[in-house]
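> What follows is each chain in one-letter form.
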Amino acid sequence: MADETVEKTEDTAGAGEEITETAASEAEAVPVASEAEAAPAVREAVAITPDVGFVKELISSGGADLKKCYQCATCSVACNLTPDASPFPRKEMMWAQWGLKDKLMGNPDIWLCHQCNDCTAQCPRGAKPGTVMNAVAKMTISRFSKPGFLTKGVGNPSALILMMALPIAILAVAIGIFGSYSPTRGEMVDGKLQHAGDIVYGQFLGHWPIVGVFTSFFVLSIIVFALGIRSYWGALKAHAADEGQPIAGSGFGKLGPVIGEIFTHKRFGKCDETEDRKTSHMFIFYAFGLLFLATIVSTLLTDGPLLWGGEGVLSPYPTISVVKLFAYPGAAAGLIGIGLITINRFKHQEKLGGLGSYFDWLLISVIIVLMVTGIGSVAFRLANIGALAFPTYFVHLSAVLFLFIYAPFSKMAHMVYRTVALTFARVSGRDLGVD
Amino acid sequence: MADKVLIVGGGISGISAAVEAAEAGLEAVIIEKNPYLGGRVAQLHKYFPKLCPPYCGLEINFKRIKQNPMISFYTLAEVTNISGSEGDYNVTVRVNPRYVNEKCTACNDCVEQCGASRPNEFNYGMDSTRAVYLPHEMSFPLRHVVDKSACDAGCQKCVEACKYGAIDMSMEPQTVEVNASSIVFATGWNPYDASKIENINFATSQNVITNVMMERLAAPNGPTKGKLLRPSDGKEVKNVAFVQCAGSRDENNLDYCSAICCMASLKQATYIRDSYPEDSKATIFYIDLRAAGKYEDFLQRLQADENVTMTKGKVAKIEEAASGDVTVTVEDILGGGKIEATFDMVVLAAGMEPAAKGANIPASLTYEANGFIDADNLPAGISACGVARRPDDVSASVQDATGAALRALQSRAGVNKPLEAAEMSGGN
Numbered sequence: 462m463a464d465e466t467v468e469k470t471e472d473t474a475g476a477g478e479e480i481t482e483t484a485a486s487e488a489e490a491v492p493v494a495s496e497a498e499a500a501p502a503v504r505e506a507v508a509i510t511p512d513v514g515f516v517k518e519l520i521s522s523g524g525a526d527l528k529k530c531y532q533c534a535t536c537s538v539a540c541n542l543t544p545d546a547s548p549f550p551r552k553e554m555m556w557a558q559w560g561l562k563d564k565l566m567g568n569p570d571i572w573l574c575h576q577c578n579d580c581t582a583q584c585p586r587g588a589k590p591g592t593v594m595n596a597v598a599k600m601t602i603s604r605f606s607k608p609g610f611l612t613k614g615v616g617n618p619s620a621l622i623l624m625m626a627l628p629i630a631i632l633a634v635a636i637g638i639f640g641s642y643s644p645t646r647g648e649m650v651d652g653k654l655q656h657a658g659d660i661v662y663g664q665f666l667g668h669w670p671i672v673g674v675f676t677s678f679f680v681l682s683i684i685v686f687a688l689g690i691r692s693y694w695g696a697l698k699a700h701a702a703d704e705g706q707p708i709a710g711s712g713f714g715k716l717g718p719v720i721g722e723i724f725t726h727k728r729f730g731k732c733d734e735t736e737d738r739k740t741s742h743m744f745i746f747y748a749f750g751l752l753f754l755a756t757i758v759s760t761l762l763t764d765g766p767l768l769w770g771g772e773g774v775l776s777p778y779p780t781i782s783v784v785k786l787f788a789y790p791g792a793a794a795g796l797i798g799i800g801l802i803t804i805n806r807f808k809h810q811e812k813l814g815g816l817g818s819y820f821d822w823l824l825i826s827v828i829i830v831l832m833v834t835g836i837g838s839v840a841f842r843l844a845n846i847g848a849l850a851f852p853t854y855f856v857h858l859s860a861v862l863f864l865f866i867y868a869p870f871s872k873m874a875h876m877v878y879r880t881v882a883l884t885f886a887r888v889s890g891r892d893l894g895v896d
Numbered sequence: 534m535a536d537k538v539l540i541v542g543g544g545i546s547g548i549s550a551a552v553e554a555a556e557a558g559l560e561a562v563i564i565e566k567n568p569y570l571g572g573r574v575a576q577l578h579k580y581f582p583k584l585c586p587p588y589c590g591l592e593i594n595f596k597r598i599k600q601n602p603m604i605s606f607y608t609l610a611e612v613t614n615i616s617g618s619e620g621d622y623n624v625t626v627r628v629n630p631r632y633v634n635e636k637c638t639a640c641n642d643c644v645e646q647c648g649a650s651r652p653n654e655f656n657y658g659m660d661s662t663r664a665v666y667l668p669h670e671m672s673f674p675l676r677h678v679v680d681k682s683a684c685d686a687g688c689q690k691c692v693e694a695c696k697y698g699a700i701d702m703s704m705e706p707q708t709v710e711v712n713a714s715s716i717v718f719a720t721g722w723n724p725y726d727a728s729k730i731e732n733i734n735f736a737t738s739q740n741v742i743t744n745v746m747m748e749r750l751a752a753p754n755g756p757t758k759g760k761l762l763r764p765s766d767g768k769e770v771k772n773v774a775f776v777q778c779a780g781s782r783d784e785n786n787l788d789y790c791s792a793i794c795c796m797a798s799l800k801q802a803t804y805i806r807d808s809y810p811e812d813s814k815a816t817i818f819y820i821d822l823r824a825a826g827k828y829e830d831f832l833q834r835l836q837a838d839e840n841v842t843m844t845k846g847k848v849a850k851i852e853e854a855a856s857g858d859v860t861v862t863v864e865d866i867l868g869g870g871k872i873e874a875t876f877d878m879v880v881l882a883a884g885m886e887p888a889a890k891g892a893n894i895p896a897s898l899t900y901e902a903n904g905f906i907d908a909d910n911l912p913a914g915i916s917a918c919g920v921a922r923r924p925d926d927v928s929a930s931v932q933d934a935t936g937a938a939l940r941a942l943q944s945r946a947g948v949n950k951p952l953e954a955a956e957m958s959g960g961n
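Listed in order, the protein sequences are those of chains A and B.
First residue of the first sequence: 462, per my numbering; consecutive thereafter.
First residue of the second sequence: 534, per my numbering; consecutive thereafter.
Excised from the complex, chain A in its bound form (with noise of 0.2 Å):
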C-alpha cells in the first residue's frame, strides 16, 4: 500500500481532493456498496515523512548498503521465512530507505526473519537485507526496552569500557564489603572445617551476596522485559490496525505453539545459505537452558533446606552430583555452540559480504568469555591453582553480571521480543505454518 501513496503525494496537489470528492459521490449514489467494488477506485492521499536520523541511525548500526537497494523483490522470493502476503525484507527494505519508523518498529516481520541471509545471497545490489532486519531488530530493542540509552551504549564500541566498568565495579564492592580479595583455603563454617586445602570460592564472594547481586538485576531485567513486551504489544497492534488488519485479545493462547517452534529451532531449519545455524544456535539455546537449570538446582539445594530448618549444602559440589549433571552438559554445549556460530560468522563471511555487526558480536564475545572462564573456574578449582581460578572466576562472574544487567538492552533481548513477535505473527495470522 505504501508504494502507491508517495507517489500520490508527488502527483499533484488536487488528486487527493479528487480522490476525496469520488469517494464522497459514490458513497452517496451506492450507500451499501461492497468492499471489492469501492477498494481499486479509492486510494487515500498519505503524507510521508521520512525520518533522516533514523536512516542514519540505522546506517550505522549496520544497514550500511540498504539505499542500494533498487526494489527488485529478489529477496523476497529467496526468504524461505516469509509470509505470501506482504511478504518481507522487501517493503522493509523500502521502508528503511525512506526512515519509516513506525512502520518498521510496529513490524512483527522484523523478528520472523531469522538472518538467513538467503536474501543477502541473492541480492543483485549487495544491499544485505538480511543485515539491514538485522540492524532494524537492534533498534526495536533500543526502542522498547528502556532506558533506551542503554541499547545505544551496548552498541556503541566506543562505550564498551564503560559498559564493562558496571558490573566489574558492582563485583568489586561487594567482594569488598561481604567477601575477601584473599581467600584462604577451607573454613571453619560453623565450627567445622569445609574442604580444607581445596578452592572454595564461596570465600571469595559468599552465596548471600551472589544470590543478593544476580537476583537484583535478573529481576531488574525482568522489570524492564516487562514494560518492553507491553509496549511492543501495543506498537505491534497499532501498526497492525495502521495496516488495515486490528487485532483483538492477547496472545498468550499462541505462546505455547510459538515456544514449541523455538524449542525446535523450525524457521532455522528453513535457511538455505546458512543451514548450519539452527545446529549451532540449538547447542548454545539448550547450553542456556542446562545452566539455568544447574542454577535452579544449585540454588535448590543451598536454599531449600533452609525452608524447613534443615541444612543447605554449599559448593563446592562434588563433580558427580546433581548439579553436575546439568552444569557440565551445559558448559560442553555452550563451548560447541558458541565455538560454532563463530566458525560460521567467519565460514559465511564472503557470501555475506561481511562478518556481522558489532552488536551480534558483543554477545558472542561475551558468551565466549563465559563459557571459557566458567570451565576455567572449575578446572582451575580442581587442579587447585588459586592464582588462576580466582581471578578466572571473578572474570566469570563479570560476564555473566553483565549478560543480566544487558541482557534487555543487548543482542540478548532478541529472546524475548523475537518470540513475541512470533506470538503477535500467529495472532495476525502471519505465520508460514512452521508446524
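If you are wondering where the hints come from, they were derived from the structure by calculation, not from laboratory data.
Be aware that one or more of the hints could be misleading.
[Stated by the list, open to error] Computed cross-link-like contacts, EDC-like style, restricted to lysine to aspartate or glutamate with a CA-CA straight-line distance of at most 16 Å:
1) K690/B - E645/B
2) K681/B - E705/B
3) K698/A - D563/A
4) K850/B - E731/B
5) K529/A - D788/B
6) K696/B - E635/B
7) K814/B - D838/B
8) K596/B - E556/B
9) K850/B - D545/A
10) K768/B - D812/B
11) K771/B - E839/B
12) K528/A - E784/B
13) K827/B - D925/B
14) K812/A - D680/B
15) K827/B - D926/B
16) K850/B - D733/A
17) K636/B - E693/B
18) K739/A - E722/A
19) K850/B - D865/B
20) K812/A - D865/B
21) K529/A - E784/B
These numbers come from a predicted model, not from an experiment.
Following the hints, position chain B against chain A.
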C-alpha cells in the same frame, strides 16, 4: 602512408561505419569472424518499434557494399596483431578457410549428400545443420561453408556432389596484412550466458529460453519456421512469461542495464499475441520498464492489450515441471504478495555482454569495468562503436557507427596537419 580504415566486426555497427566512411571517400576493410556479415541483427525476427524485418535494412547495406569498390571484407577472419600508430597501422589478419570458393551458387546439392551434422549456432543451438551448410537463407556472401571439425574423417561426398567444383577441402588459413590509417572496433556483443544465473535453472529447463532464442523461434527461417512451439514437446506457446533483468543490473552477473531488453520483451509479446490472437497471453515481470523517449508509445500500445500483463517484481526462481510447464516465483510488488505463476514457456530477457571482453584483442585498448571498450581513452586513430562500447539498440548503434566513420576520416594520413595549418591561416 595508408588511406584506409580497418573495421573489426561486420555487424550492423561495423557495416554502417564501413559504408559511411567509404561513401565519404575512405577505403574500408571489414574483418568478420562469422562466415557471413550482419551479426546479431541478422538473427533478429523483427526490429522494435516498427516491427519490420531487419533483413530489409541489412539488404540495403549489403547492396551498398557490393556496389562500392572502396569496401572490401573478409569473413571467417580475425585480427591477430596490430602495430604502428595513427595514420599507419599494420594489422595482421588470419583468414580461416571456408573450404568453399567463389564458384558456389548456393544450390544446396552438397548439403543433401552430407551425413555429418553440427549444432546450428545461428539458431542458438535449437537445431542443427550439416557439416557443409549455408549459414542462413539470406547469408551475405551467399555461399556455403564447411565446418571441417564436424566432418567425418576423409569424407569427400560434398566435394563430389558439387558440379561447380566450388568445394576445396585443401584450403589453408591465410594471413593478410592490412595497412590502415585508423581502426574501428565494432566487435558487438554476445548474449549473456543465462546458465550462470542462480535459481533460474536455465541449463536444465528446456522451456526456459533466452530472448535471442525467442527471436529465432519466431523467425520464419528459424528452427520452427516461425511457429511458436515450445522446445520440450512442440506444444503451441500461448501463455508466456518474460523475465526482465535476467542477470542484468545484478552485481552477481551483469552489473549494468543492457538498455534493449525491455523493448525486446515488449516486441516479443507481440510475436505471441500475433501468432495466437484469440487466446494467447504474455506476462512481463519487471523491476522497472525502460522504454525511453520515442519508445513509450510502443509500451502504451502493449499496455492497452488486456492479454498482456505487466507485473512489477523480479522473478528470482524458475522451476520446470515434468509436464514442461514452467513456474516462476515473484513478489507482485504492487500489492499482490509473493506469488507462483505457471506458464507454457518462459523467456529470459538476458542482457548483452561485450564480445571484446576476454577476447584478448591484440591492441592497447582500455576497457571500462564491465568489459566494454572505453572509447574515451583509446590510442589516436582507434575508436569503438556500437555495443562494443556500450549497450545500445540498433538505431543508436548505427548513429554511433557514423561517428566512428567520421573519426576514421579525421585519422586519414596527413589530414590532421593540413587542418591545423588551415586553422592558422584562417586566423590571419
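> Hints broken by the structure, by number, lowest first?
14 and 20
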